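Engineer: Input sequences plus hints: build the corresponding full structure.
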Amino acid sequence: MMNLNAVFQYFTNGMDLGTFLQHLTNGISLGSLYALVAIGYTMVYGTLRLINFAHGDVFMMTTYFAFYGVSTFMLPWYVSFILAVILTGALGMLLEKGAYRPLRNAPKISIMISAIGASFLLENLAVVLFGGRPKAFPSVKVLTDSVQFGSVSIQKLTFVIPIVTIIFLFGLLYLLNHTKTGMAMRAVAKDYETAGIMGVNVNLTISQTFAIGSMLAAVGGIMWGLKFPQIAPLMGVMPGLKAFIAAVIGGIGNIKGAVIGGFILGIGEIMIVAFLPSLSGYRDAFAFVFLIVILLFKPTGITGEKIAEKV
Amino acid sequence: MRKKASVLVSALLVGALVMTGCGTKAPSTPAPGSTGSSSSGDVIKIGVFEPMTGANAAGGALEVEGIKLANKLYPEVLGKKVELVLVDNKSDKVEAASAASRLVEKEKVSAIIGSWGSSLSMAAGDIVKTAQVPTVAASATNPLVTKNNDFYFRVCFIDPFQGKVMANYAFNKLNAKKVAIVQEVSSDYSIGLAKFFTDSFKQLTGDENAIVGVSNYNTGDQDFSAQLTNLKAKNPDVIFAPGNFTESSLLIKQARQLGIKAPIIGGDTWETPEFIDIGKDAVEGAVFSTFFTSEKPITPESEKFLAEYRKEYSGKEPAAVTALGYDAYIVILDAIKRANSADSVKIKEQLATTKNFAGAAGMITLDENGDAVKDAVIKQVKNGKFAFMDIVKAK
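Sequences listed follow chains F and A, in order. According to my numbering, the residues represented by the first sequence are 1 to 311, in order. According to my numbering, the residues represented by the second sequence are 1 to 395, in order.
The hints are simulated quantities; they were obtained by calculation from the structure and are not laboratory data. Fair warning: there could be bad hints in the mix.
[To be verified] As a list, the in silico EDC-like pairs of lysine to aspartate or glutamate whose alpha-carbon atoms are at most 20 Å apart:
hint: 1; chain 1: A; residue 1: Lys280; chain 2: F; residue 2: Asp145
hint: 2; chain 1: A; residue 1: Lys164; chain 2: A; residue 2: Asp390
hint: 3; chain 1: F; residue 1: Lys156; chain 2: A; residue 2: Glu301
Values in this document were obtained by computation on a predicted structure and should not be read as measured data.
Structural biologist: Shown next, in the form of structure tokens:
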């Protein structure tokens, strides 16, 4: 293990500013991806108190939809991407209808196990339908090129992803706080039985929540595919878990918290490798250790929002 | 509050379950028509354990292409039909061990072929040794696969040689003085090859500090920006990055995006179509060592293999590991013929004495460890294809 003194030396004489800035942009770029996936995760949790373990696999399905749109149906990339997002929204609704709605009044643990089942189902379905060999995600030159700032080289996508994340963050906040649908979602989140009695269409609202949550995963998936252009049936597992961690760090159920958590996780992972290169094989472990520490000392996450528990 | 925490902790535990389970979900794919019967009767069973899903799926698929082609051309031995029993080891070490167990215990195969990936082969080592079933790896290059294991053989060269070949290439052809290494820490192949490269390169340069940086990543990682940014600051002449094809291809892509101009070289695992599909322009010029090239057929068997392969896969050129998969099958068949029996111990005895056997990827003589000594081929990605560059003699 590296002691404090060694860490200090790394800070003082190791790294020049250009390298540090390069690391920082790498971290922001990765962090905004985590944030984008985490928003959808946390939104579904916020409304239903359900940790949707299939979120990462929904994300994987999107990348295949986009892949086949471009390669098999010869659609222009933007059409294919939009179609993939819509299809993923439909998939989310289907998943809710098939795997979660029948269990809505069952204990929470049953619905969580059902979520894990849904996750396995999607993964195996992808192996059968798309094959186990990885495929190359369509590349979009205008987005994946690099630009040079002095010694720092930055992929255009590095600017695009945080912007997309911020747009969707504000869009979602607007939807939740300033529209009728959003009000219904908040009412269902508080107490769906009472909301139902007050005339909210609970089934429709929950369906909408899943559609939006899955579409957010879809946007994350497309951004992920553009940045790491390799898609495989199990590709959603790690991003799904990382987004879950980001959501917990930020206080699960809290949308702004998920974005902050995503950035902390992304930048933290990069910095661990940057300053302690000998630990670079353990960067995933870092994320999980961080999760455990947060759960031990601040289980409500850094935003510290108290959510009335109904379990 | 406590309740909430406990829900989250249980969620975390379940999450961990999902993680550990991630390599174990795909259904295994037994060959059609396979039953639980033993090799006796009028079929001889040869087991094949290869990664058909997961991180190494493309490598496994290429090897299976060769094995199936060989089985099609040579479907019989000793007047009995040879039946292939294919099990998927899912690119996972635990699965590889259970796949091998299934082949020896349930399927009662006479011999086994596999696996792409040294770690996966090593995971099965003790099982085949205890069960006394001879196993031939097609392209697993780590020396430990066959070491202290009389029942494990291979039809390819080993990594001390491959490491030397690439160190020589970096030193003599690229005039490199300083090299940085990026290795896949979860792969025995990558770690071993990086070590042998390091030893040879230090010897060639006479410089203990010739390796300016070593970075690690895990199988399945997709983001290498931090590791590469660190190495960029060290300004190496060449980067040696042995590892799985998808990770390597993403790594090279990201290196180019970060403005790293140094040549990036690697090992035999790169030769899969996915490497070029994913890397596109970025992998243009990437150089690696491998086992065989279709541009230099070595034996009459090479000619036969190439002709049949091109017929079967309409004009596609075979990868080196496909030729080795083919060789692993015909070497076993030859041993069965000489043993005049489907008994696995007798087959093993004959395999160990394999000498000057003409395979598709060259002459095969197995040494006392059960390793083949063969020339290495250097290939380069040129215009989106793997192009032959050079042959390096074994001795």
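Engineer: Give me the numbers of the hints this structure contradicts, sorted from smallest to largest.
Structural biologist: 3
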